[in-house]
Structures are given as C-alpha cells and as structure tokens.
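Participant: For the record, the sequence lines run as chains A and B.
Letter 238 of the first sequence, counting from 1, is numbered 238 in the working numbering, and no numbers are missing.
Letter 726 of the second sequence, counting from 1, is numbered 726 in the working numbering, and no numbers are missing.
These are calculated hints, taken from the structure and not from any lab test.
Errors might be hidden in some of the hints.
[Stated by the list, open to error] Pairs of lysine-lysine residues, derived as BS3-like cross-links and limited to a Cα-Cα distance of at most 25 Å, are as follows: (1) A:Lys178 / B:Lys255; (2) B:Lys560 / B:Lys507; (3) B:Lys207 / A:Lys178; (4) B:Lys46 / A:Lys207; (5) B:Lys560 / A:Lys180; (6) B:Lys133 / A:Lys169; (7) B:Lys209 / A:Lys180.
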Amino acid sequence: MNYLVGAFKPPCNVFISFADGRNRKQVVIEPIHGKKVEHNGVKIELLGQIELYFDRGNFYDFTSLVRELDIPGELYERKTYPFEFSSVEMPYESYNGVNVRLRYILKVTISRNYVSNIVEYQDFVVRNYTPPPSINNSIKMEVGIEDCLHIEFEYSKSKYHLKDVIIGKIYFLLVRIKLKNMELEIRRRESTGSGPNTYVETETLAKFELMDGSPVRGESIPIRLFLSPYELTPTYRNINNKFSVKYYLNLVLVDEEDRRYFKQQEITIYRLLES
Amino acid sequence: MATVKMIADGVEDEEKWLTAGIAGLQQNAFYMHRALDSNNLRDALKYSAQMLSELRTSRLSPTKYYELYMRAFDELRKLEMFFKEETRRGCSIIDLYELVQHAGNILPRLYLLCTVGSVYIKSKEAPAKDILKDLVEMCRGIQHPVRGLFLRSYLAQVSRDKLPDIGSEYEGDADTVVDAVEFVLQNFTEMNKLWVRMQHQGPAREKEKREKERNELRDLVGKNLHVLSQIEGIDLDMYKDTVLPRILEQVVNCKDELAQYYLMDCIIQVFPDEYHLQTLDVLLGAFPQLQPTVDIKTVLSRLMERLSNYAASSADVLPEFLQVEAFSKLNNAIGNVIEAHPDMPILGVITLYSSLLTFTLHVHPERLDYADKVLGACVTKLSGKGKLEDNKATKQIVALLSAPLEKYNDIVTALKLSNYPRVMEYLDSETNKVMATVIIQSIMKNKTHISTADRVEALFELIKGLIKDLDGTPDNEVDEDDFKEEQNSVARLIQLLHSENPEEMFKIICTVRKHIMAGGPKRLAFTVPPLVFSSLKLVRQLQGQEENPFGEEESTTPKKIFQLLNQTVETLSNIPAPELALQLYLQCAEAANDCDLEPVAYEFFTQAYILYEEEISDSRAQVTAIHLMIGTLQRTHVFGVENRDTLTHKATGYSARLLKKPDQCRAVYACSHLFWVDDQDNMKDGERVLLCLKRALRIANAAQQMSSAARGSTGSVTLFVEILNKYLYFFEKGNPQITVDAIQSLIELITTEMQSDSSTPDPSADAFFASTLRYIEFQKQKGGAIGEKYEPIKV
Numbered sequence: 001m002n003y004l005v006g007a008f009k010p011p012c013n014v015f016i017s018f019a020d021g022r023n024r025k026q027v028v029i030e031p032i033h034g035k036k037v038e039h040n041g042v043k044i045e046l047l048g049q050i051e052l053y054f055d056r057g058n059f060y061d062f063t064s065l066v067r068e069l070d071i072p073g074e075l076y077e078r079k080t081y082p083f084e085f086s087s088v089e090m091p092y093e094s095y096n097g098v099n100v101r102l103r104y105i106l107k108v109t110i111s112r113n114y115v116s117n118i119v120e121y122q123d124f125v126v127r128n129y130t131p132p133p134s135i136n137n138s139i140k141m142e143v144g145i146e147d148c149l150h151i152e153f154e155y156s157k158s159k160y161h162l163k164d165v166i167i168g169k170i171y172f173l174l175v176r177i178k179l180k181n182m183e184l185e186i187r188r189r190e191s192t193g194s195g196p197n198t199y200v201e202t203e204t205l206a207k208f209e210l211m212d213g214s215p216v217r218g219e220s221i222p223i224r225l226f227l228s229p230y231e232l233t234p235t236y237r238n239i240n241n242k243f244s245v246k247y248y249l250n251l252v253l254v255d256e257e258d259r260r261y262f263k264q265q266e267i268t269i270y271r272l273l274e275s
Numbered sequence: 001m002a003t004v005k006m007i008a009d010g011v012e013d014e015e016k017w018l019t020a021g022i023a024g025l026q027q028n029a030f031y032m033h034r035a036l037d038s039n040n041l042r043d044a045l046k047y048s049a050q051m052l053s054e055l056r057t058s059r060l061s062p063t064k065y066y067e068l069y070m071r072a073f074d075e076l077r078k079l080e081m082f083f084k085e086e087t088r089r090g091c092s093i094i095d096l097y098e099l100v101q102h103a104g105n106i107l108p109r110l111y112l113l114c115t116v117g118s119v120y121i122k123s124k125e126a127p128a129k130d131i132l133k134d135l136v137e138m139c140r141g142i143q144h145p146v147r148g149l150f151l152r153s154y155l156a157q158v159s160r161d162k163l164p165d166i167g168s169e170y171e172g173d174a175d176t177v178v179d180a181v182e183f184v185l186q187n188f189t190e191m192n193k194l195w196v197r198m199q200h201q202g203p204a205r206e207k208e209k210r211e212k213e214r215n216e217l218r219d220l221v222g223k224n225l226h227v228l229s230q231i232e233g234i235d236l237d238m239y240k241d242t243v244l245p246r247i248l249e250q251v252v253n254c255k256d257e258l259a260q261y262y263l264m265d266c267i268i269q270v271f272p273d274e275y276h277l278q279t280l281d282v283l284l285g286a287f288p289q290l291q292p293t294v295d296i297k298t299v300l301s302r303l304m305e306r307l308s309n310y311a312a313s314s315a316d317v318l319p320e321f322l323q324v325e326a327f328s329k330l331n332n333a334i335g336n337v338i339e340a341h342p343d344m345p346i347l348g349v350i351t352l353y354s355s356l357l358t359f360t361l362h363v364h365p366e367r368l369d370y371a372d373k374v375l376g377a378c379v380t381k382l383s384g385k386g387k388l389e390d391n392k393a394t395k396q397i398v399a400l401l402s403a404p405l406e407k408y409n410d411i412v413t414a415l416k417l418s419n420y421p422r423v424m425e426y427l428d429s430e431t432n433k434v435m436a437t438v439i440i441q442s443i444m445k446n447k448t449h450i451s452t453a454d455r456v457e458a459l460f461e462l463i464k465g466l467i468k469d470l471d472g473t474p475d476n477e478v479d480e481d482d483f484k485e486e487q488n489s490v491a492r493l494i495q496l497l498h499s500e501n502p503e504e505m506f507k508i509i510c511t512v513r514k515h516i517m518a519g520g521p522k523r524l525a526f527t528v529p530p531l532v533f534s535s536l537k538l539v540r541q542l543q544g545q546e547e548n549p550f551g552e553e554e555s556t557t558p559k560k561i562f563q564l565l566n567q568t569v570e571t572l573s574n575i576p577a578p579e580l581a582l583q584l585y586l587q588c589a590e591a592a593n594d595c596d597l598e599p600v601a602y603e604f605f606t607q608a609y610i611l612y613e614e615e616i617s618d619s620r621a622q623v624t625a626i627h628l629m630i631g632t633l634q635r636t637h638v639f640g641v642e643n644r645d646t647l648t649h650k651a652t653g654y655s656a657r658l659l660k661k662p663d664q665c666r667a668v669y670a671c672s673h674l675f676w677v678d679d680q681d682n683m684k685d686g687e688r689v690l691l692c693l694k695r696a697l698r699i700a701n702a703a704q705q706m707s708s709a710a711r712g713s714t715g716s717v718t719l720f721v722e723i724l725n726k727y728l729y730f731f732e733k734g735n736p737q738i739t740v741d742a743i744q745s746l747i748e749l750i751t752t753e754m755q756s757d758s759s760t761p762d763p764s765a766d767a768f769f770a771s772t773l774r775y776i777e778f779q780k781q782k783g784g785a786i787g788e789k790y791e792p793i794k795v
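Next comes chain A alone, as it looks inside the complex (with noise of 0.2 Å):
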C-alpha cells in the first residue's frame, strides 16, 4: 500500500504482492472506483540500494532489472500482472546500520503522459545462508601486561552462526592486581565510505559478565555466551566498496579502581541455513 499516492488522490491503487518465494509474484492495479488510469506503459523494477547516510540523497544502485508489465494504453479494470525476476544476483542482504542501508526494492512505474507517474515501492528482505565453514579454528591468545596480569584465553570458534553459543575459557597465568570483574562484550563495528571518508561507528551489543571476584593464579573461568538473545547480523565485508560490518569480542577485565584492561578479537558470523 503506497499512501503517498494516496495524498494525491491517484486514479488507482497498486498492489506488489508476492505469492510465494521466488514464483509467481504479481502486481495488481486496481483503479479507484469508475476512474480509468491513462497510461504509457507499466513497469517494474528490481532495485539493490545502498544508501549512506552522510550521503544523503545518493543511493547506489548495484542491481538494477527492469521488466515491462503492459504496453500504453487504458485501464478500466483491476488488472493482476505476473511478474518473474529469474537469476537475479542478490550477493548483498539486507541491512539497516547506524551510517548505512542496504536495501532491495520492487517499484512499480506507471508511466502517464502530463502528469507525474504513478510509483509503487515494496521493500523486501534479503537473506543470504551459508554452509558451515569448512575451516572454523578457535581463537587461543596469550596477552598480559608485564608482571601484573597475564591472561589465556581461548573461544572454541572464530566463525560464529547467529544461533550460536560461544564456549570458551579464559586462565589465569598471572594475577597481581585486585580484579572486581570480567565481562565479555559483542561490539559492531560498521565502517562506511572509503579512504579519508571512511565513517566507522561501533557499538556495544552485548555485556555479559563472565566472572565476579578476583581470581588468583591457576584459576580458569569457563564462558558460554549465547548469541541468539542479541540482534546481530552476519559479517559483511567490503559491500560493493561502500561498507562493511565486522564482529568483535571484547574481554574487558576491571580492576578494583576501575581500570579496564581489554583485548578485541573479531570474529566471524555467519547466517546458517535453519533446518
């Protein structure tokens, strides 16, 4: 339903509706009650935007199919036309970011003569699943500050699907400071643009305590973070050069004067395909 038209008062009303998946999607136009619509010729586009926010008014499109649903002439009556976009490349999903959106859109163009067009938009949702990565190897580091604090830890994976939990553990090799706790913290972090207009925003999606107290030499402290109460999106890397999303996994550990001590590995997630 498209109210702008409606502001207007246009001579019908378009329906983009898809019947189901891929197949037999339809547009309907259904002129306003003993009106007929004038037109040069109906189409529909199959739009893939990215638009940037600092960038206001400039979308990219990097898909762009056009098909045309009649040719000029006269509509008196509803009329359902089917439309089909076979093999379309739809590489990117959708994604709606702090700085950026990625979007895929149906427009509907009625052409008219004299007057404006008569435009329909439907907005839909791409999702691209992956299999499970054949190599998914877990993060191990071993990091600390001099004779004060040295830490191992390890995640079971760097590639993570979004339903997952991540399993870990981190050690304790040295403690010589009065820690009051550690969390784990998903942090995205979305970069826009390219060279010196690179904008990169982050944000924190998740704090999740990990330990309480401070722990003494030789303890390990197990992690087990599910990842589905967060809403997360898969990594996305370098989208048609204009932004990418990465994942990170921050382990903050805070000291009784409230020092942090962090260290930020990324890691990779991934949209699994559900059974």
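Starting from the known structure of chain A, fit chain B onto it as the hints suggest.
Facilitator: Just chain B now, kept in the frame of chain A:
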C-alpha cells in the same frame, strides 16, 4: 575514640545496607510472584534475576549476607516449583536451561542456572552427572569468596538429593558413584579455595575480624564433607583411593591454619571409624604436612578418642586394630608430628601422648609395654625441660597418669609401668601430691592388694610427693587440714599393704619404713603408728604359728620385727611426740609379752618409762600415760619377779608423784592391780594390794584436808567411794588382806564424811555410793559363797 565510632558506624551502615537489600529483594520477589501467578516466564526470569542481583553486594558481613541469602533461597524454591510446572506445561527444560543463561550478570545467572539445573536433573532428560558437572564448572565464574561460597553452598544444597549415588533414582550406568563423588569433591575444593582466600580480602588491620567471619562460614565448606560421608556408594576402596587422598590434597595444599584444623577435624568426625582405621597411614601422613600453627594435638587427640571409643564399642572390631597396627602407626605419627613441630608447646606433646595412652589402653589393654612406651616417649620429651610451669600441661599429665588407673582399676598394673614414676617427676610438688592422692584413692576404692615389696617400693616411688618433702624444701604454705588429710590417707594406705607371706610382709614393712623415715617430723606422727600396727599384726601372725615355716635361720622372727619396731618408734621421740611414742612402746611391749620375749618387753617398758620421765611433763598427759603403763603392765606376765618388781615399783612411784592429789589417788589404787593378777597364781600379793589401797586412802584423806583448807569445804567423797569399790573387788577376789572390818570402817567413813557439815554436796558421788551399797546388798542376797562372804558387812 575515633576507631570505636568508626566501627559503630560500620555496624549501623551494615544494618542499613541489609535493610535496603532485603527491601530490594522483596520488591523484585513481589513482581516475580506476580509473573509466576500469571505464568509469565519472561517476567519471572527478569524479576528473579533482579531479585538475585541484591546478592551481588559486597557491603555485608557474612552473617548479614547469610540473612539476605536465606531470603533469596526461599524465593528460589518458589521459582523452582514454577520451572517444574513450566516444563509440565510443555516448555522444554533444555530451552529453559539456555534461557536463564541469557542473564547478563553472572551471579543471578548462576543462581538461576542451579535452580533450573535442579529441575533438569529431576526431569531425567539428561544424565544427572552431566548437569552437575556443568553446574559445578560454571560456578567458577564467581571468584569473590563470600558470594562464591554461598553460591556453591546453594548448589550443594539443591544437588544434595540428586546425586547419582548407588540406589538413587539418578543413578546412571557404570561408575555412577564416581561422578557423584567427583562433583562433591570439586565443589568442596573450590569452596575451600574461596574460603581460604577470604583472609586476603580487604585491609590487613581487619584481619582478625575477617578470621572470625571466616570461622563463621566454615560449616558451608564442611557441609561438603558431610555430603560425601552420606554417599552410600563410597565403599572403603573408593574412600581410600579417591575420596580421602583428594580431600587431604586440598587440605594440605591450601596451607591455611584455620582450614586445615577445621577440615582435618571434619574428616575425623564425619567418616566412619572403620574407614579411619583402614586409612590410618594416609590420614596420619597428612599431619606432619600441615602448617606449624595448626592445633594438631587437638585434632589428633580427637582421632584417637574416636578410635578409642570405636574399640570400646565392640570387641569384634579389635582384630581390625591389630591388623592395621594402629598403635604403632599412631605412635609414629605422633613422633613425626612432634619432630616436625619443634616449637610445639609441651602441653601439646602431653595431650598427644595422653590421647595415645587412652587409645592403647582401650585397644590393647593387655599390652602394658605399649602403655609404658607411650609414657617413656613422654618422659623423653619432658626431659631437659625441668618441672612443668604450665598449669594446663600439668593437668594434662594428671589426666595422662590417671588413665591407666581408671582403665585397670588396679594400681598394681600401673606399678609395672617403669616410666610411670618418671613422668611424675615432672610435676610440681603440689600436683605431684594431687596425683599421689589420686593413686591412693584408686587403691582404696578398688581395695587393691599390693602384696610384694617390689610393688610397694614402686608405689611409694609414685606417691613420694606425700611421703616426703620434694626438692628438699618443706612447703610451709600447706594448709594444716589438707596436710592431715593427705597424711591420713597415706596412713590408710600403709594399713592396706599386706602379704600372707610373713617373709614378704616383713620386706614390705622394711620398704615402707625406709620411705616414711624420710618424711620428716610432721609426717612421722601420721605414718609411724600404722606401720607399727602393721608390724604388730605380723608379729601376731608369726606368734600363731607353732614353728618357723621356713626352717631357715635368717627368716623373719618376731625378734627381728621388734628390733625394727624399737628403732621405728624411737624416731618419734625425736619429733618429739613422746605421748605417741609411749603408747606405741606399750603396744610393742604387750606384743612382746605375748611372744614370751621378756627382754624385749622389758626394753620397751624401759623406753616407755624413760619417755615418761624425760619427755612427758604435762600433768594431764602424765595421768594418761600412767594409766596406760599400769594397764599394760598389769596384763604383762612374761616378766620374772625381779623385772616385774622393778617395773611395778617404778609405776607406783610415778603414781605417787603425780601433781594433783585426786590423780595421785587414782593412780595409786590402780597400781593395786599390778599385784593381783587373776589367772597368775604367782602374782597375788594381797599385802601389797592393801598397801596400795591404804596409801590411796591416805592420799584421798589428804586431798579432803587440802580442799577443806583451801576452800573451806571438804570436797567430794568420790575418791573414797572409788577406793571402796577397789576394796570390794579384791574382797570378792579373795584377797585375804581385805577384811570385812576394813570395808566396814570405810563405809562408815564415807557416811560420816557425807553427813559432815563441811562436805560439798555431790549428787553423782551420792548416787555412786548408793549404788555401791546396793551392790553389797545384792551380793548378800545372792546367797552361796559370795553371800556368805558379804553377810558380815553391815550397810
């Protein structure tokens, strides 16, 4: 002042924080209840997590925190019920188990996880062991001591009835008990680590307070051991191979005094005795590895106490003790512990040995050598330390020494312990006396027969604190009554020493004598009499035997005993205690008389007389002595005429020289008996009897006159009546010198005296005289020879 105020503020603040915590908890609990009532899982999780967030506080002392925890605990029971219903309504328990883990804060998350875990185990959708393992692992996230302890305590609490023990409904496949044990052990280990770590939290100046708080929390840790002890599936092998070594490993490694002391004690108290017995090596092996400050003696003592009680519980278990060589293991362990802790106070050492002694007395009552070994080890440790100054240590030694007495009820057994007296050496003289008294009381109570000189020797060695002044310094502080009591008990003890065998008895007497002679003047007065009577008893025993049963020349004879007695009694005169010595001499004399030993008897009389002459100056004592001498002499028949004359002459002489006239009079008429002995025909000298009586009369007369001169009244006629009675006695006995006339005139004399104006009325004398006259009357009426004899007397 400032500090006090600060502390007061601290307490006040804490109270405030607790109130705030409870309020927050209740508020969230309220919303949680609402969610539970409306089956709103999401809200239930949200508010329960918020409620549990109150437990994240660091501001409360453990006691206050406990209060908060208990409230949360109650709420969690409701939540658990809800989870259970939720699964019944179709919510997957696995989902639930995941769902609660979404909570961002770890402490609420883990409380919720444990709660759901409990339901999960009950649902049996996964093996109990897996869930338990997961829970106990996840709890590692809480490293804060107090919060961690309470969380794990919660875990222990909810899992308690869900362990995959043998026979439990959660029992899994093979080796399922191992999992249960593993779970509890792990929880225990982690809790102990947290508990130990607690002391390092916060400023050093509050260490004492913290240790106090820690002590309050100890049962949270110990509870795990209790749970372990309740697991049915732990058999001896598993206990030996897994449970005990693991616990001990933790105990030793934690290197913490408080924890080591408490946990060792806990192990000893919660696990069965037979397990201890079978794992003594392992258990005892841990002791030397403990921190030097740990109060090992108490713990070890309790172990031995338990084992002692176990041994005492049934004779059936004793073979077990022998089989595992419990004694030598304990003995070695104590040795090792003492060696490992050279600074251990002597009290600790003695306590340990005391417990070991109790143990061996219970377990190996027949092995006196063990007991002696223990005492010996004790002596070794005590040596070089001099007398004990420590009051408690002294008490402990008394306990140590009393143990064998109580066990055997028989000092004889204790006397076989060669180290027994050596231990006593280390007591101060006061305590030594107490111990000696205990020993004597034991003998009295049990009527123990001590019948050989060797034992007597040993016994006196033990009680020498009572027998003589130790250290050569007479204790002037001693209370007179206490001293008397002590010495009286020694006296009673001496009376108890007895052997049927005269030879042995003589040895006993010699031994006792040897010891008491060292006792000093104050004691001799108490100890010599019983010895003398003991000796006299022996004399009488020998006297009853017709011939020498030994047939040996050197054997015990009354003569030898008398020689000894003579020397013994002589010591009394040095004290001086002349009256007592005199009495004893007379006793000896009488015994010698019965043995027909004239020279001996004479010697004793001589000694008595000498004492009388030289030492007894008090007139009252003289009177007593005179009568004793006369009485004894009267019964003595062994003397020849010459000796007897000498002695009676002397006695009469002494009598006449008494200070008071009435005393003189009475002594003199008593002397009359010396010349008239009924069953001895050669000792009936009527003339001298009469002389005595006449002399008595003269003295009585003189007494009357003295009285009349001094006071204006003649005084009582009692003496005359008494003399009249003597007359009647001898008259009746047939003394020809006593005539009716004499009696008659005496009666008249008395009557006249009584009627005289100057006489003092004396109702008792009147009554005496009246009854004497009645007697005469009575004899008259009897008729026969006696009646005839009396007939001429006119009353």
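Participant: What hint numbers does the structure not satisfy?
Facilitator: 5
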